[in-house]
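Residue numbers (this note's numbering), protein chains in the order written: chain Y, 1 to 224; chain R, 1 to 246; chain H, 1 to 243.
Hints were generated in silico from the structure; no laboratory data involved.
Check each hint, because a few of them may be wrong.
For each label pair, taking beta carbons as the anchor points, the in silico distance ranges come out as [said to hold, decoys possible]: (1) R/Glu178 with Y/Val204: 39 to 47 Å; (2) H/Gly232 with R/Thr166: 29 to 37 Å; (3) Y/Leu16 with H/Leu18: 35 to 43 Å; (4) Y/Asn41 with H/Ala23: 56 to 64 Å; (5) H/Gly232 with R/Glu123: 47 to 55 Å; (6) H/Leu103 with R/Thr166: 24 to 32 Å; (7) Y/Gly49 with R/Asp132: 54 to 62 Å.
Bear in mind the structure is a predicted one, so any value in this text is a computation, not a measurement.
Glycine is no exception: its CB is placed at the ideal position from the N, C-alpha and C atoms.
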Amino acid sequence: MSGLLGPILIIVWKDLLLELRSKDLVVSIVVFGLVVVVVFNFALNNTPGRSAELAPGILWSAFAFSAVLGMNRAFVRDQEQGGLEGLLISPISRDAIFLGKALTSLIFMLLVEAALLPVYAVMLDFSVLSWSLMLTIFLGTLGFAVVGTLFSAIAVQTRSREIMLPVLFFPVLLPVIIAAVEASTRAVGGVTFIGLGRWLPLIVVFDALFLVICPWVFSFVVEE
Amino acid sequence: MTTQPTEAILTRGLAKSFDEWPVLWNLDLSVPWGQSLVLFGANGTGKTTLLRILATHVWADHGTVAVAGHNLRTNPEYARRKIGVVGHRSLLYDDLTCRENLVYYSRLFGLKNHKSRVEEVLETVKLRDRADFRVRTFSNGMQKRASIARAILHRPDVLLLDEPETGLDRESVSILGELLSEWTDSGRSVVMTTHDLDLGMNWGTRVGVLRGGKINFPDEKLTACGSKSHDNQIRQAVTDSLEATG
Amino acid sequence: MASTHSVEHSRGIQFLNLKIALALITGVLMLMNIYFIFMIAPTDAVLGHVQRVFYFHVPIAIMSFLAFFLVFIASLMYLFKRSTRWDSFAHASAEVGVIFVTLALITGIIWARPVWNTWWTWEPRLTTTLILWLIYVAYLMVRSYAPTQSKGAIYAAVVGIIGFVDVPIVYYSVVWWRSIHPSPVVGPFAQSDALDGTMALILLYSLVTFVFFFAYIVMERMELKTSEESLGRIRFALRKRGQ
Numbered sequence: 001m002s003g004l005l006g007p008i009l010i011i012v013w014k015d016l017l018l019e020l021r022s023k024d025l026v027v028s029i030v031v032f033g034l035v036v037v038v039v040f041n042f043a044l045n046n047t048p049g050r051s052a053e054l055a056p057g058i059l060w061s062a063f064a065f066s067a068v069l070g071m072n073r074a075f076v077r078d079q080e081q082g083g084l085e086g087l088l089i090s091p092i093s094r095d096a097i098f099l100g101k102a103l104t105s106l107i108f109m110l111l112v113e114a115a116l117l118p119v120y121a122v123m124l125d126f127s128v129l130s131w132s133l134m135l136t137i138f139l140g141t142l143g144f145a146v147v148g149t150l151f152s153a154i155a156v157q158t159r160s161r162e163i164m165l166p167v168l169f170f171p172v173l174l175p176v177i178i179a180a181v182e183a184s185t186r187a188v189g190g191v192t193f194i195g196l197g198r199w200l201p202l203i204v205v206f207d208a209l210f211l212v213i214c215p216w217v218f219s220f221v222v223e224e
Numbered sequence: 001m002t003t004q005p006t007e008a009i010l011t012r013g014l015a016k017s018f019d020e021w022p023v024l025w026n027l028d029l030s031v032p033w034g035q036s037l038v039l040f041g042a043n044g045t046g047k048t049t050l051l052r053i054l055a056t057h058v059w060a061d062h063g064t065v066a067v068a069g070h071n072l073r074t075n076p077e078y079a080r081r082k083i084g085v086v087g088h089r090s091l092l093y094d095d096l097t098c099r100e101n102l103v104y105y106s107r108l109f110g111l112k113n114h115k116s117r118v119e120e121v122l123e124t125v126k127l128r129d130r131a132d133f134r135v136r137t138f139s140n141g142m143q144k145r146a147s148i149a150r151a152i153l154h155r156p157d158v159l160l161l162d163e164p165e166t167g168l169d170r171e172s173v174s175i176l177g178e179l180l181s182e183w184t185d186s187g188r189s190v191v192m193t194t195h196d197l198d199l200g201m202n203w204g205t206r207v208g209v210l211r212g213g214k215i216n217f218p219d220e221k222l223t224a225c226g227s228k229s230h231d232n233q234i235r236q237a238v239t240d241s242l243e244a245t246g
Numbered sequence: 001m002a003s004t005h006s007v008e009h010s011r012g013i014q015f016l017n018l019k020i021a022l023a024l025i026t027g028v029l030m031l032m033n034i035y036f037i038f039m040i041a042p043t044d045a046v047l048g049h050v051q052r053v054f055y056f057h058v059p060i061a062i063m064s065f066l067a068f069f070l071v072f073i074a075s076l077m078y079l080f081k082r083s084t085r086w087d088s089f090a091h092a093s094a095e096v097g098v099i100f101v102t103l104a105l106i107t108g109i110i111w112a113r114p115v116w117n118t119w120w121t122w123e124p125r126l127t128t129t130l131i132l133w134l135i136y137v138a139y140l141m142v143r144s145y146a147p148t149q150s151k152g153a154i155y156a157a158v159v160g161i162i163g164f165v166d167v168p169i170v171y172y173s174v175v176w177w178r179s180i181h182p183s184p185v186v187g188p189f190a191q192s193d194a195l196d197g198t199m200a201l202i203l204l205y206s207l208v209t210f211v212f213f214f215a216y217i218v219m220e221r222m223e224l225k226t227s228e229e230s231l232g233r234i235r236f237a238l239r240k241r242g243q
């Protein structure tokens, strides 16, 4: 276990350090997240009465778009001077590389969401102080990070990569988005875990399934 | 030096093609300990591919490769600990300092006492005074030296250099030359590709020309005499085979 | 060398014979199928002639699901065996599958208009079919946007596996979603699943026809891909000689 955890933490440490140097990723995505909410507010004509109904949808649309934007850059720094190649010729397993990159993306996205959530709560008029909402956000974001990391590793090597990632990402993550919106609607309405029904288990099944498949296929994607 | 296997590098029937296009086929190569093999070859003859296969970065389609006695397919992680790679790209992160990069790699390789080891290699490539600057601010020569420091960090037994002369200033050339002669003297091996005939003749204890997916050794008959007086003949042979390729 | 060449050659002839046989069978089956659908099948009492699109829609939709299942299997095999045969099979199945799923969507829309009184509804099967279409269009895009063909084959295989595993999750999420957000449109829905004996028989026959049709097109596509590869090889050899 420590054979896997050690390299994962080293990769995360490296990526966090790089992000700390430039701060461009997290900050720019937070700003983007704010823009998205403003646009949706007017596009959907959000009035106080409809807020509870529309807020979860807007929330998850903003999160999903932010995730894609962020994941697009997940491997860019590793591509510049061959950092990914450096990882591949190091004596660590490919699973560790994948999980390290996925954990980094998860941390970045949770940071972005933590910054956006209070603002959304005020703008869209809902309460974020709910454990079931927190859990939904965590599990949904985990799904985004796992599948997004894999697709990002593919997209970064293709032509027109900025478009390739969302084209791959959204159809596959549709179940997570549907389930997260439904679970959040109930969570915002003050429902406890049990009230979330099948939606949370659906996300858990998705996450678990792809946490097994993605590291395995990742090795095929990065090796030549 | 642990040198239980007799050969530093041993390949048998190595073949690699990209999209059905053969680059290497049926390549047998053995590099004994203490040898510095310099490979010449026109562009597109597969020099870089061969090095990338030896570096475990690219899988061969057929054939076996063993580095320091470890089969690359069955035992890649052991082999990786024995291999140091200097390629066209530095494999470093531009926005980390040189020292941070080295600490990062030493932890990936699981080195004990990595602090002192990092200082050691910084000294070897003479980058101590710039160790805490970001790699982005380095000149090409310094980036190459930093890359060399990264490659030798984990005390590999086999060093793979892909056209190391590109971007090297005079100081770096002498640093690398010193490193290489010490390297082979202590019984470790080097495989290097280059376009620079003089440099290659200087640094190599054996020269080969990659052509038609195979390696020819123009010095095969000449090395028997074992003296540098045959330098010119070898040079001529290398130039001839390079031209024949074109 | 010569012997392997002749083996290849005779295998090629076998393949060609199989293909011609398949083409003939498919042609006959398809002509009869069209005759059955338009001449024999009774006209639906409520929906009229438009109901006949159903004999195309259902087999095409089933075949597209089968195509993506085959892509999944071939993708797994390709990742394990790295043989280009599996890759070209996956590629051919995916391309034919995308065409079939497009046809399924179009015939579905034609069908939905009289049955559900709307061109489009976010009904689970229809929605899942749409998502399938999106995933496998992405599959083809990834393949052609990859830096090299072999990388494209691997990326496509990965998408082929992930996409197929995702389908049931998509389906259930939409079914559950539908159960909370019921469709506001209700048309003369009940008739659609009441089939009389002749109708069921013709549907079954049509399905068999489309199985042959699918097999034939996939074979044709695989052969085309082989030709494309040989052409590329010849072009490369010529360019090398020209240098």
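A quick look at each hint next to the structure:
1. For glutamate 178 of chain R and valine 204 of chain Y, the hinted distance range of 39 to 47 Å is not satisfied, since their beta carbons lie about 59 Å from each other.
2. Range check, glycine 232 of chain H to threonine 166 of chain R: about 32 Å between beta-carbon atoms, so the 29 to 37 Å window is met.
3. Against the hinted window of 35 to 43 Å, the Cβ-Cβ separation of leucine 16 of chain Y and leucine 18 of chain H comes to about 58 Å, which falls outside the hint.
4. With their beta carbons about 58 Å apart, asparagine 41 of chain Y and alanine 23 of chain H fall inside the hinted range of 56 to 64 Å.
5. Restraint check, glycine 232 of chain H to glutamate 123 of chain R: a C-beta distance of roughly 52 Å satisfies the suggested window 47 to 55 Å.
6. For leucine 103 of chain H paired with threonine 166 of chain R, a C-beta distance near 55 Å fails the hint of 24 to 32 Å.
7. For the pair glycine 49 of chain Y and aspartate 132 of chain R, the supplied restraint of 54 to 62 Å holds, since their beta-carbon distance comes to about 59 Å.
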